[in-house]
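Since chain A is already given, all that's left is putting chain B on it; use the hints.
Chains as they are written, first to last, in the numbering used here: chain A, 89 to 200; chain B, 10 to 124.
Calculated from the structure, these hints are not laboratory results. Where hints are given, some of them may not hold.
Per the computed footprint, the stretches of chain B lying under chain A, defined by three or more beta-carbons under 8 Å from a beta-carbon of chain A, are [stated by the list, open to error]:
1) 58 to 66
2) 93 to 106
Subject to a maximum C-alpha distance of 20 Å in a straight line, what follows is the list of computed EDC-like cross-link-like pairs (lysine to aspartate or glutamate) [as the list claims (entries may be wrong)]:
3) Lys144(A) to Glu112(B)
4) Lys73(B) to Glu61(B)
5) Lys187(A) to Glu68(B)
6) Lys187(A) to Glu61(B)
7) Lys50(B) to Glu130(A)
8) Lys199(A) to Glu103(A)
C-beta: ideal position from N, C-alpha, C; glycine also.
Given next are the chains, with one letter for each unit.
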Amino acid sequence: GDSVTQMEGPVTLSEEAFLTINCTYTATGYPSLFWYVQYPGEGLQLLLKATKADDKGSNKGFEATYRKETTSFHLEKGSVQVSDSAVYFCALSDNNAGKSTFGDGTTLTVKP
Amino acid sequence: GAVVSQHPSRVICKSGTSVKIECRSLDFQATTMFWYRQFPKQSLMLMATSNEGSKATYEQGVEKDKFLINHASLTLSTLTVTSAHPEDSSFYICSGTPGHGDEAFFGQGTRLTVV
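Bound-form chain B, shown alone:
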């Protein structure tokens, strides 16, 4: 299957700083990428949908000014957690799909810890 690479796999940052997470599709062009958040021992919740070259669509309750998403190319989407706080600590997972009706492929996830 197709490969989606997510980086970094783990990051620890200080409260108030910003952290960028990258999601790359290695062997296909991802016209759409999705960002999910997983709290400990809970399921994955969709945060936002990003389409290459356009603004991301955020799910209800997700602060778009706090979680900045950029999908500048067909192989790269980034999620920047701005002014991070301890409550932002979580597991973030991205997925990419080549197009409508295609299977989504998931990255390995990023565990963010804000201290």
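Isolated chain A, as found in the complex:
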């Protein structure tokens, strides 16, 4: 079945540091890929998405590129802020069934 493997956390960075959270996936067919962010006590917010190979999703300074050859969708941000502290989930969506498969989540803490 489909699966998502996400870089283990927690990750602690200083403000303005460069962020990379690795994500690889296994899927049949051609899934859409997503990054979600979850702030403490809240639900999921879509951060960015990519629906086909070589697409780049971007939002709020975060970027991720759908790499079919390496089955990866790594999340990057050039300069993190304290407000970026949250749990980040990589996910794929089976475009036929619509259900989502999530990675285990990576907790990011950004210190001033």
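Then chain B, alone, in the frame of chain A:
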């Protein structure tokens, strides 16, 4: 993007009682809705898939008699946790999609605490 509203956001109930969680698509018709469960500091696990007007499809290991799902209209799905026990305490999140191949939109989640 489309909005999915989930209610209540938090609920505390006594052991043995039942709790209903509502998931509404506010600006689109959700032909399919999904219910997920998230244990503390863990990922989201799919519990069941519900299609409007038909019985829900439950994932392996999920008790369908305990977690009753009703998807009576294209904008509303409900999850009822029956005879709740402390081990049912968790964060429950729903999502809805307008149709096959469309993005799923997530509700805000419901934190259930059974005491």
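Handout entry: Hint consistency between lysine 187(A) and glutamate 68(B) [alpha-carbon to alpha-carbon, up to 20 Å]
Key = With a Cα-Cα distance of about 12 Å, the restraint between lysine 187(A) and glutamate 68(B) holds, given a limit of 20 Å.
| query | Is the Cα-Cα distance between lysine 73(B) and glutamate 61(B) 20 Å or less? | reply | holds (17 Å)
| Residue count check for the segment 93 to 106 of chain B against chain A: does it reach three with CB-CB under 8 Å? | holds (count 3)
- Query: Given as covered by chain A, does the segment 58 to 66 of chain B meet the bar of three residues or more with CB within less than 8 Å?
  - Reply: Not satisfied, violated; 1 residues make the cut.
Distance restraint between lysine 50(B) and glutamate 130(A), which requires alpha-carbon spacing of 20 Å or less | Holds: lysine 50(B) and glutamate 130(A) sit about 13 Å apart, inside 20 Å.
Check your understanding: Is the Cα-Cα distance between lysine 199(A) and glutamate 103(A) 20 Å or less?
Key -> Distance of about 6 Å is within 20 Å: holds.
Would you mind confirming whether the straight-line C-alpha gap from lysine 187(A) to glutamate 61(B) stays at or under 20 Å? holds (15 Å)
Is the straight-line distance between the alpha-carbon of lysine 144(A) and that of glutamate 112(B) 20 Å or less?
-> holds (16 Å)
Comparing the model with each earlier hint shows a violation of hint 1 alone; every other hint is respected.
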